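Enquirer: Can you make the complete structure from the sequences, with help from the hints?
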Amino acid sequence: MIRVRIEAKDFGAAAVLRDIALEVPKGEVLAILGPSGVGKSTLLRIVAGIDRDFLGRVERPEALAMVFQEPVLLPWRTAAENLTLVHPALGRAGAEAALARVGIADKADHFPRQLSLGQARRVSLARAFAADPEALILDEPFASLDEATAEEMLALTERLIAETRAATLFVTHSEAEAKRLATRVLRLAGQPATIVGAAEEKANGRA
Amino acid sequence: MSKALNPAAIRALSLTALLFVWIVAALLTADARVLPAPWALVQPFAEALASGKLPYHLGMTLWRVAWAFALAMAIGIALGYVMGRHPRIDRWLDPWLVVFLNLPALVLIVLCYLWIGLNETAAITAVVLNKIPNVATILREGARALDPSLAAMAEVYRMPRQRRLRHVVLPQLAPFVTAAARSGIAVIWKIVLVVEFLGRSNGIGFQIHLYFQLFDVGRVLIYALSFIVVMLFVEWLLLQPLERRVRLWRGE
Chain H
1 MIRVRIEAKD FGAAAVLRDI ALEVPKGEVL AILGPSGVGK STLLRIVAGI
51 DRDFLGRVER PEALAMVFQE PVLLPWRTAA ENLTLVHPAL GRAGAEAALA
101 RVGIADKADH FPRQLSLGQA RRVSLARAFA ADPEALILDE PFASLDEATA
151 EEMLALTERL IAETRAATLF VTHSEAEAKR LATRVLRLAG QPATIVGAAE
201 EKANGRA
Chain A
208 MSKALNPAAI RALSLTALLF VWIVAALLTA DARVLPAPWA LVQPFAEALA
258 SGKLPYHLGM TLWRVAWAFA LAMAIGIALG YVMGRHPRID RWLDPWLVVF
308 LNLPALVLIV LCYLWIGLNE TAAITAVVLN KIPNVATILR EGARALDPSL
358 AAMAEVYRMP RQRRLRHVVL PQLAPFVTAA ARSGIAVIWK IVLVVEFLGR
408 SNGIGFQIHL YFQLFDVGRV LIYALSFIVV MLFVEWLLLQ PLERRVRLWR
458 GE
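Protein chains in written order, with the working numbering: chain H, 1 to 207; chain A, 208 to 459.
FYI, nobody ran anything at the bench for these hints, they're computed from the structure.
Just so you know, not all the hints are guaranteed correct.
Label-pair distances were calculated between CB atoms; the ranges are [unchecked claim]:
| hint | chain 1 | residue 1 | chain 2 | residue 2 | range |
| --- | --- | --- | --- | --- | --- |
| 1 | H | Leu117 | A | Leu256 | 56 to 64 Å |
| 2 | H | Ala100 | A | Ala277 | 41 to 49 Å |
| 3 | H | Ser36 | A | Phe440 | 50 to 58 Å |
| 4 | H | Ala97 | A | Leu432 | 53 to 61 Å |
| 5 | H | Gly12 | A | Ala285 | 27 to 35 Å |
| 6 | A | Pro214 | H | Ala176 | 24 to 32 Å |
| 7 | H | Ala100 | A | Phe307 | 51 to 59 Å |
| 8 | H | Lys179 | A | Gln447 | 55 to 63 Å |
| 9 | H | Glu147 | A | Gln369 | 39 to 47 Å |
| 10 | H | Gly56 | A | Leu313 | 58 to 66 Å |
| 11 | H | Ser116 | A | Tyr263 | 26 to 34 Å |
| 12 | H | Asp10 | A | Trp303 | 48 to 56 Å |
| 13 | A | Phe307 | H | Glu147 | 40 to 48 Å |
As the structure is a computational prediction, the values presented were derived from the model and not from experiment.
Built from N, CA and C at the ideal position, the CB exists for glycine as well.
Expert: If you want it as structure tokens, here you go:
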């Protein structure tokens, strides 16, 4: 369960977010749509606990994972080490299993520089899902991928979310991605940004 | 087209050419007191080695270099990191850095001897103070260039402080640390010689001072060249392999 109440978030004199309240129960995928620059990433950084300089309150589970816009891997550690350094409990075998789940078991000993962008994204997905997160934050994880790769990643992410049933908060500017992954869609707009319009429940959300 | 020589061959040829220049200059001077020929140094070199004087003074200098190097690197890295991460501290300390960077080594050495006394502490302190601003400046650049997205990742996944330092921060600083180490060791041993020249009773710098007063060019050259050779080995056997290891992950 993620519970967010942001009264205000400013960058210096610029007001960025105002009066945002949202809840994501376990098993639900909430997509937040909005034009670029509106403050979607700022919202996610607050929810993830990276940005603590705001007025309000965020409740989130301990086991939280995030997939960033870029893969954000440690380039000086191998794919497997990138997983075990973040989740030491996995061990080598656990890391290999996690990489197998995203279809790149054979890349365990490759350094990120030796991977294609698509493969690096898979490592980043494996890192997020490896420790069975209770909450998951996705920050435009399919941006800057070609159509075929984006589709593969989307299908993979869909499967992994269904497996872990984590409370998922997902930011995107693509309606299609939101419709595909989310059980509920919210829109962020305005300046400072607030949530506009009622939540659009998906007619037959995933069971 | 000429066949390309490998780098090692070029290095050897280049050194041979330098030796040749020395021989020609020695022949032209025709005065062994001003510039002895290379082979005229072999006998006194063997004597200095056999008597144990050369190894002793070499050892003393190396010992001072090692101490000064370790202290300057440790303090310089910590200072540079803090300055790079905290702009407010940086604004306060930056003028100090500029002052110390522009203070001639000689002035610091003389002042240390005057204030602390003609002892080992003063000698090492003088060298360390000379080198810290340099290391700090390089490391400050490194700390400024730390990737914020990696920091965010470490934060989200709650990596413990020590693991974060070792696996996220230090690898990013490594190229800056090796750069500081290489330029550091080159500068430090030269300053150590000056420190010994001015106020110590052993070490290569002291021996050079001694033979300078005796106008013994040959022995000045023997002590200087021996130490250069030692430092080249430090560079080849210690620093370069270390640098290669640090760069391993960039391998294509």
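Enquirer: All hints are to be evaluated individually against the structure, with a verdict given for each.
Expert: To see whether the hints hold, each was checked on the structure:
no. : hint                            : verdict
1   : H/Leu117 x A/Leu256: 56 to 64 Å : holds (60 Å)
2   : H/Ala100 x A/Ala277: 41 to 49 Å : holds (46 Å)
3   : H/Ser36 x A/Phe440: 50 to 58 Å  : holds (57 Å)
4   : H/Ala97 x A/Leu432: 53 to 61 Å  : holds (60 Å)
5   : H/Gly12 x A/Ala285: 27 to 35 Å  : holds (31 Å)
6   : A/Pro214 x H/Ala176: 24 to 32 Å : violated (56 Å)
7   : H/Ala100 x A/Phe307: 51 to 59 Å : holds (55 Å)
8   : H/Lys179 x A/Gln447: 55 to 63 Å : holds (57 Å)
9   : H/Glu147 x A/Gln369: 39 to 47 Å : holds (43 Å)
10  : H/Gly56 x A/Leu313: 58 to 66 Å  : holds (60 Å)
11  : H/Ser116 x A/Tyr263: 26 to 34 Å : violated (59 Å)
12  : H/Asp10 x A/Trp303: 48 to 56 Å  : violated (35 Å)
13  : A/Phe307 x H/Glu147: 40 to 48 Å : violated (57 Å)
Figure legend: structure checked against the earlier numbered hints; hints not met, in rising order: 6, 11, 12, 13.
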